[in-house]
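*Asks:* Respectively, the protein sequence lines represent chains A and B.
Here the numbering used here is used: position 54 in the first sequence is 56, and no number is missing along the way.
Here the numbering used here is used: position 203 in the second sequence is 312, and no number is missing along the way.
I should point out that these hints are in silico values taken from the structure, not numbers from a laboratory.
Since we're looking at a predicted model, the values are computed, not measured.
Any given hint could turn out to be false.
Here are the simulated DSS-like cross-link-like pairs (lysine-lysine), alpha carbons at most 27 angstroms apart as the crow flies [stated by the list, open to error]: (1) B:Lys315 to A:Lys20; (2) B:Lys116 to A:Lys19; (3) A:Lys228 to B:Lys332; (4) B:Lys258 to A:Lys20; (5) A:Lys19 to B:Lys315; (6) B:Lys315 to A:Lys436; (7) A:Lys143 to A:Lys83; (8) B:Lys260 to B:Lys196; (9) A:Lys19 to B:Lys195; (10) B:Lys258 to B:Lys218; (11) A:Lys228 to B:Lys288; (12) A:Lys20 to B:Lys236; (13) A:Lys228 to B:Lys116; (14) B:Lys215 to A:Lys19; (15) A:Lys19 to B:Lys258; (16) B:Lys214 to A:Lys19; (17) A:Lys142 to A:Lys114; (18) A:Lys5 to B:Lys315; (19) A:Lys228 to B:Lys328; (20) A:Lys228 to B:Lys357.
Examples of chain A residues toward chain B, derived with CB under 10 angstroms [what the hints assert, rightly or not]: (21) Leu8; (22) Ser225; (23) Ser226.
All residues carry an ideal CB built from backbone N, CA and C; glycine is no exception.
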Amino acid sequence: MSKLWLIIGREYLSRVKKKTFILTTIFAPIGFVLSWVALIFIMSSGNETQKVALLDPSDILEIKEKGRLRDGLVMYSYPKKELKGLKETFEEDGYRGIIFIPEQPLDSMTTKFKIEYYSNESLGLNTEENIKEGIEQRVKKLKMLQLDVDELTLKRLKTGIDVIPTNMKASKEEVSVYRARIATVLGSIMMILIYSVIFIYGNMVMRSVMEEKTNRIVEVLISSVKPFQLMLGKIIGVGAVGLTQFAIWAVTLPLLYLGVGLLFAGKLQELQQSMTTSTASPTGNMGDMMAIMQELQNFDYTYIITVFFIFFIGGYFLYASLFAAVGAAMGDDWGEGQSLTLIISIPIIIALYVGSAVVRNPTSSLGIWASMFPFFAPIVMPVRVVFDPPMYQVIISAVILMITGVFFTWLSGRIYRVGILMYGKKTSIKDFAKWMFRKD
Amino acid sequence: MNVLELKDVRKTYQEHVACNNISFDIPEGKIFGLLGPNGAGKTSLIRIITTITRADSGSILFRGEPLNSTHPSQIGYMAEERGLYKKMKVAEQITYLARLKGFTKKEAKNELEYWLEKFDIQDWRNKKVEELSKGMQQKIQFITTVIHKPKLLILDEPFSGLDPVNANLIRDEIDDLHKNGTTILFSTHRMEQVEQICEHIVLINKGTNVLSGSVDEVKDQFKEFLFKVDYQGALPSNIEEHVTIISKDATQVVVKLRDVSHANNFLKYLLHHGTMVTAFNEILPTLNEVFIKIVGGKSDE
């Protein structure tokens with residue numbers, strides 16, 4: 003037992019003391035926040051207005067006002083010029099391009115309206131959207147005039163529908179509209195977290211096993227410790243590194259966000275305003291924010307975090323031990339082990355897809371069955387747990403995962419113990435099977 | 110007392126027999142040579158002794174007890190392919206490996222100081238292993254092998270890759286440990302080293318032991334009654350009627366005799382015929398010759 007602790011200690015400390023660990027742990031949150039700040043600036047400075055000339059010789063759009071009309075990000079203007087002449091000079095006049103409205107009928111029955119766009123550069127997606135929106139709004143106005151519909155009537159046709167869910171089984175009396183949305187976000191975060199831990203730290207275990215094998219230090223080590231102890235110590239030590247990193251991020255990230263949020267409060271508000279006005283979305287409402295905050299407090303976090311950790315640990319052990327087995331089989335040749343790594347990676351990736359589907363539909367039978375399958379459960383179950391699934395399902399899933407996890411750690415230990423002493427031979431899946439049943 | 114007693118040790122892997130009923134004893138306090146060509150099963154055997162793998166059948170006694178998992182703490186093993194954690198600092202590495210062998214933190218620290226001083230490498234304690242020269246790494250490797258004061262030291266090709274200065278240094282250490290009563294199992298296929306260092310040997314080939322005993326016994330067993338005669342004057346003209354001449358020049362002749370008693374007669378014969386003998390020596394086979402004779406150059410190499 004004390005040897006296991008020694009190994010865990012070495013695996014843990016040798017990584018935590020590394021410069022790369024310290025740098026990534028410190029700079030990753032800073033990097034996140036910096037990219038966020040950069041995003042704010044890009045989004046707020048990206049609203050560059052573009053002047054575009056509008057030629058409407060047949061006056062289909064009936065634009066009476068002379069001068070400029072701002073729509074979206076595009077400036078329209080009405081030069082008293084022919085299309086042919088304008089094509090030559092539009093750049094000198096300061097236009098990015100020319101919108102030309104060809105002769106065509108426009109009444110309340112029109113469903114398609116064609117416009118032509120001339121410029122010396124290819125049409126960007128943003129510009130296209132802005133042009134479409136601008137023209138559509140103008141056409142809408144004309145149609146409304148023809149149909150004798152005014153703005154108010156149109157607004158009256160709109161009705162907001164609120165679905166108020168009441169789970170009759172749940173003990174809570176009131177379940178707000180926001181619960182499902184928050185659960186989706188929480189579930190997704192947990193899913194991504196477990197997925198990345200399995201991938202990143204599983205790979206780290208694998209590389210570390212390979213390193214010991216190619217270094218040949220393993221031969222010295224396993225004359226004093228059992229191979230299984232060595233593998234287990236490595237898995238636990240590396241896992242602890244992962245937990246440390248996440249714990250540090252869990253503290254620093256929110257603090258940094260808060261700091262940056264305060265620093266750029268003005269800029270943020272400005273940005274939010276411009277976003278709400280342009281897309282006219284109903285978020286950002288003060289009342290909504292309050293409701294979300296309220297709802298956030300209604301989750302049973304002790305339960306969620308407990309379940310999260312059970313599946314986190316189970317999933318990590320299951321996959322990390324498999325990665326260790328592959329690392330032991332591989333030796334110094336990276337390429338040779340690729341197919342083996344792929345076999346482990348496929349279920350994790352599928353699990354992520356299943357998880358994303360389950361987030362959208364947490365009570366589906368796909369979700370229930372996937373959370374009973376131990377290779378998917380570590381990613382799928384934490385997604386479901388925020389949607390209050392029946393307790394027995396959580397327990398069954400956890401028990402299956404634990405049993406499989408222990409079994410595969412044992413199995414990987416058997417492969418590992420043979421693999422680490424094998425040199426200069428290509429390893430196939432067949433060898434794996436042989437090694438599992440090989441005596442000491 | 111024997112430190113190690115192997116009896117009919119057998120180990121097979123799916124495809125081949127690595128050790129086929131190998132038996133030998135290693136007497137306490139001796140330097141014991143485990144010889145054999147590449148692929149003879151030396152490493153398989155060592156892995157069994159260090160409890161890395163288990164024998165299929167046969168018995169192994171370590172200081173009179175059946176070999177079990179507590180024994181490796183009394184064994185020091187330096188594998189042929191050296192390995193250390195490249196990114197780890199010298200002192201940390203030595204301490205870690207000593208503690209895995211069962212030393213407490215304090216014991217490990219004391220021994221570390223002793224060895225760093227002994228090899229005069231205190232300045233290197235905080236260097237990473239990858240920053241060291243190969244010879245320096247070998248020294249560290251040696252320290253990690255002997256730091257826990259093993260009763261049995263297993264050295265697999267300990268001098269490979271060492272320059273003469275460092276090889277001598279390690280050899281002196283081996284001598285020191287030997288004087289202090291450590292039993293040493295020395296695995297190699299370099300015969301000249303065996304001859305210089307070992308007292309007892311066992312030769313294995315293709316998984317079976319073909320020969321064992323003290324170095325002198327083995328040489329005696331394989332001697333071909335070759336005698337080297339330094340002389341002045343002329344050899345008797347009919348010398349070839351009595352002995353087979355292996356080589357001959359103006360002052361020296363090597364002859365093959367029937368047995369040791371024949372030597373006396375041959376010497377008398379020379380003196381009788383007026384040859385002036387200045388030296389008369391038996392030529393014993395080198396272990397290398399014995400090795401080649403037994404293995405017949407048909408090793409798996």
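*Asks:* Determine for every hint whether it applies to the structure shown.
*Replies:* Status of each hint after checking the structure:
no.	hint	verdict
1	B:Lys315 to A:Lys20	violated (47 angstroms)
2	B:Lys116 to A:Lys19	violated (48 angstroms)
3	A:Lys228 to B:Lys332	violated (46 angstroms)
4	B:Lys258 to A:Lys20	violated (32 angstroms)
5	A:Lys19 to B:Lys315	violated (48 angstroms)
6	B:Lys315 to A:Lys436	holds (24 angstroms)
7	A:Lys143 to A:Lys83	holds (26 angstroms)
8	B:Lys260 to B:Lys196	violated (30 angstroms)
9	A:Lys19 to B:Lys195	holds (15 angstroms)
10	B:Lys258 to B:Lys218	holds (14 angstroms)
11	A:Lys228 to B:Lys288	violated (32 angstroms)
12	A:Lys20 to B:Lys236	holds (14 angstroms)
13	A:Lys228 to B:Lys116	holds (25 angstroms)
14	B:Lys215 to A:Lys19	holds (23 angstroms)
15	A:Lys19 to B:Lys258	violated (31 angstroms)
16	B:Lys214 to A:Lys19	holds (20 angstroms)
17	A:Lys142 to A:Lys114	holds (12 angstroms)
18	A:Lys5 to B:Lys315	violated (37 angstroms)
19	A:Lys228 to B:Lys328	violated (41 angstroms)
20	A:Lys228 to B:Lys357	violated (61 angstroms)
21	Leu8	holds (6 angstroms)
22	Ser225	holds (4 angstroms)
23	Ser226	holds (5 angstroms)
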